[in-house]
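Quick note, the sequences are listed as chains A and B, same order. For the first sequence, position 458 matches number 458 in the working numbering, and the numbering has no gaps at all. For the second sequence, position 56 matches number 56 in the working numbering, and the numbering has no gaps at all.
Errors might be hidden in some of the hints.
[To be verified] In silico lysine-lysine, BS3-like type, Cα no more than 30 Å apart, as pairs:
hint, chain 1, residue 1, chain 2, residue 2
1, B, Lys-89, B, Lys-40
2, B, Lys-172, A, Lys-16
3, B, Lys-21, A, Lys-324
4, A, Lys-16, B, Lys-40
5, A, Lys-328, A, Lys-418
[Said to hold, decoys possible] Not the full set, but computed from the structure, chain B residues with beta-carbon under 8 Å of chain A:
hint, residue
6, Tyr-24
7, Gly-29
8, Phe-32
9, Arg-37
10, Tyr-57
11, Phe-122
12, Leu-168
Because the hints were derived from the structure by calculation, they are not lab data. Backbone N, C-alpha and C define an ideal beta-carbon position, used for all residues, glycine too.
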Amino acid sequence: MMDPSETNSFEEQWKKVFQEASETPPLSTWEGIEARLDKEERKVVPLWWQTPRLWYAAASVAALLMVGIGLWNGSFSSEEKKDAHLAAGKTELVSPDADINTSSESSVEGKTAQQKEAVEVPSIQPETSIAQVESERRRKNSAENPAIIKQDESLASADTEKQVEEDRAAVSSFNNKVAVRKQENNPVSAEAVAGNKDLTNTDKFAAAQSNNVSVEPLNPANLDAASRIVAEALTPIGYKDLDVYVQKRYVFFKPGTITEKPVEKVSKNREYYAAVGLMPATFNPDVKVTSPPAAFANANASRQSLSGNSQAGTSYAVQTQGGKRLSKHWSVETGMSYLQGNSTYEGGYLLDVATSRSQNVLQSALMDKSGQNSGVNTPTSSPPANAFYIDVTKEVRNDYRYLQVPVQAGYTLNPDKKLSYSVLGGMMANFFMNNEIESASGTVITTKASDDVYRSLNWAATTGLRFNYRLSSQWKATLTGSYQKSITSGFKSNETLESRPYLYGVSWGVRYSF
Amino acid sequence: MTFNEQELVIGCQQRNRVAQKQLYDVFGGKLFAICLRYTKNRTDAEDVLQDAFIKIYENIVTFRNDSPVEYWLRSIVVNTALNHLRQQKHLKQLDDIDGHENVLAGKELVLADFQWQQLMEFIKELPIGCQTIFNLYAIEGYQHNEIAQKLGISEGTSKSQYSRARTLLQEKLNKETRFDDGSVRNK
Numbered sequence: 001m002m003d004p005s006e007t008n009s010f011e012e013q014w015k016k017v018f019q020e021a022s023e024t025p026p027l028s029t030w031e032g033i034e035a036r037l038d039k040e041e042r043k044v045v046p047l048w049w050q051t052p053r054l055w056y057a058a059a060s061v062a063a064l065l066m067v068g069i070g071l072w073n074g075s076f077s078s079e080e081k082k083d084a085h086l087a088a089g090k091t092e093l094v095s096p097d098a099d100i101n102t103s104s105e106s107s108v109e110g111k112t113a114q115q116k117e118a119v120e121v122p123s124i125q126p127e128t129s130i131a132q133v134e135s136e137r138r139r140k141n142s143a144e145n146p147a148i149i150k151q152d153e154s155l156a157s158a159d160t161e162k163q164v165e166e167d168r169a170a171v172s173s174f175n176n177k178v179a180v181r182k183q184e185n186n187p188v189s190a191e192a193v194a195g196n197k198d199l200t201n202t203d204k205f206a207a208a209q210s211n212n213v214s215v216e217p218l219n220p221a222n223l224d225a226a227s228r229i230v231a232e233a234l235t236p237i238g239y240k241d242l243d244v245y246v247q248k249r250y251v252f253f254k255p256g257t258i259t260e261k262p263v264e265k266v267s268k269n270r271e272y273y274a275a276v277g278l279m280p281a282t283f284n285p286d287v288k289v290t291s292p293p294a295a296f297a298n299a300n301a302s303r304q305s306l307s308g309n310s311q312a313g314t315s316y317a318v319q320t321q322g323g324k325r326l327s328k329h330w331s332v333e334t335g336m337s338y339l340q341g342n343s344t345y346e347g348g349y350l351l352d353v354a355t356s357r358s359q360n361v362l363q364s365a366l367m368d369k370s371g372q373n374s375g376v377n378t379p380t381s382s383p384p385a386n387a388f389y390i391d392v393t394k395e396v397r398n399d400y401r402y403l404q405v406p407v408q409a410g411y412t413l414n415p416d417k418k419l420s421y422s423v424l425g426g427m428m429a430n431f432f433m434n435n436e437i438e439s440a441s442g443t444v445i446t447t448k449a450s451d452d453v454y455r456s457l458n459w460a461a462t463t464g465l466r467f468n469y470r471l472s473s474q475w476k477a478t479l480t481g482s483y484q485k486s487i488t489s490g491f492k493s494n495e496t497l498e499s500r501p502y503l504y505g506v507s508w509g510v511r512y513s514f
Numbered sequence: 001m002t003f004n005e006q007e008l009v010i011g012c013q014q015r016n017r018v019a020q021k022q023l024y025d026v027f028g029g030k031l032f033a034i035c036l037r038y039t040k041n042r043t044d045a046e047d048v049l050q051d052a053f054i055k056i057y058e059n060i061v062t063f064r065n066d067s068p069v070e071y072w073l074r075s076i077v078v079n080t081a082l083n084h085l086r087q088q089k090h091l092k093q094l095d096d097i098d099g100h101e102n103v104l105a106g107k108e109l110v111l112a113d114f115q116w117q118q119l120m121e122f123i124k125e126l127p128i129g130c131q132t133i134f135n136l137y138a139i140e141g142y143q144h145n146e147i148a149q150k151l152g153i154s155e156g157t158s159k160s161q162y163s164r165a166r167t168l169l170q171e172k173l174n175k176e177t178r179f180d181d182g183s184v185r186n187k
């Protein structure tokens, strides 16, 4: 290993050599730095500058300040007048100090004399007087050091120039304040300062400014500014009291944001859907005997035969639907349903005394129709010969089975909400499948579409109101209130019988959207 | 007339361009010499100096007067120079170098006869790793563990590189002689 003392010596020597090593960088380096500084100053535009709220706040503060200044001026105007008189008196007292200065520097003499004249100008403003008093007070305190006064004069003049040239004055302001503080700590004559070869460019600039303006006559306005700057500059300012303006930087950063997957819009403008449902309903075939059956006519019961009517029974329909959404609100749908329409028919019946066989009015009417159409599967094909009407109302079962194909348009309210409402309207094609009528004797008479008694296709109008409750993006639960009314008779011939079925139902179902 | 350090710092903290210029005028020469020591050519040194001063002006608001401002400025320049070297990938591969431990033992070194520019040329002629570590250890006064941390190398690598630098420098110094007229020429 190396000897520690020798090592130390080695490093110390190198360190010592380079401790004061210095080489002036080329001018282009500072130009580059300055260009970058300018660029950054332009670039750093605080975003809060564009915030309207800040402007409102600034306007409020400015308004308050204006009001405050107005009040302050109003309340102190009398005191200012008093100070003005006092200032005039004190100005007279300080003239010997000015004479002291004139002995050392002719330019200063001229200035001081002019300043005296300016002070005595009748149109002098109150603020000027206050500043002058302060200025003279400080001048008296530092009378033993004429250099300071001279420096003050120069500073005042420099500040006057500052009003003319803003940029240059900003530079001199900084230098002057610092220079004055240095003067106070280490009083040196201004001439010595001016003659210092080590002056930096800006110092020279400030000194040159002082010399240049010293020969210019001072007017009251300049004197006002000069006095104020003297008063300000002579006040010892500690370093810690200096305002440090720090550019507040707002750093905006974008944290690792979680990119949310856009929620798929539930209600697409184009969609297909399929639905299944079960509809409990009340079905009424509304069968009417329009003309007395022959048997009833023979039994002198024509009138009674017409008095029967249908009663709705508990029915149901099993529904399947398919639909397409045409727009946000409109949709069309179709489907296929199986309707089991149960009902009863209340009416009298005939009793054949010879055979003890009975025949209700509906059966009798159907027999008449079957005679016309031939093919109705009835137990008795001929009317009883010696029958008489039994005036006792008897209910017979009258059930229908239809295959339904609806075509409906729908208008949906609140389509994007969880609960939406659809108003439905359209036509229903009811394909007759069969009919079962309980005979008076208790047997069941079945009529099929092929018997040509009933129309195989019976059109009905339908309307309804549907509640759609969205279970998920694709599934909905539906509750539909429907009303269907046949617009054509259920029978092929209306001579003896007429039927216009109608139905009320409430359908429960689910719907799947594609 | 020059301002004291505190005044310059305050002016720079206020982003006063005059103060910034004066800070540059006062310290720019010394800092440029540091940049020259850490780089291989003047262009790089100027780039480093520019970057360093931009950093200085941006960060001087954080400077507290608990130490001389020159130390703070030097540290910023050194760090900027190291960053520059990293960007140039000069500090990628610094390996241990064996066999240079005792080369200088017993040899007397006198640098007083040399001008600093001449010595700086010697330093700049070193391999970049040796140059950097020599600067950091011998002149800036960092310890090897600190250097290892700064450069992301092992402490042993720092030591061996430094030892190698010393050897090479000694060899260069031995080749030089000083004449009576003060000039330094090759033997």
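Against the structure, the hints:
| no. | hint | result |
| --- | --- | --- |
| 1 | B:Lys-89 <-> B:Lys-40 | holds, 13 Å |
| 2 | B:Lys-172 <-> A:Lys-16 | holds, 19 Å |
| 3 | B:Lys-21 <-> A:Lys-324 | violated, 77 Å |
| 4 | A:Lys-16 <-> B:Lys-40 | holds, 22 Å |
| 5 | A:Lys-328 <-> A:Lys-418 | holds, 14 Å |
| 6 | Tyr-24 | holds, 6 Å |
| 7 | Gly-29 | holds, 3 Å |
| 8 | Phe-32 | holds, 4 Å |
| 9 | Arg-37 | holds, 7 Å |
| 10 | Tyr-57 | holds, 6 Å |
| 11 | Phe-122 | violated, 10 Å |
| 12 | Leu-168 | violated, 13 Å |
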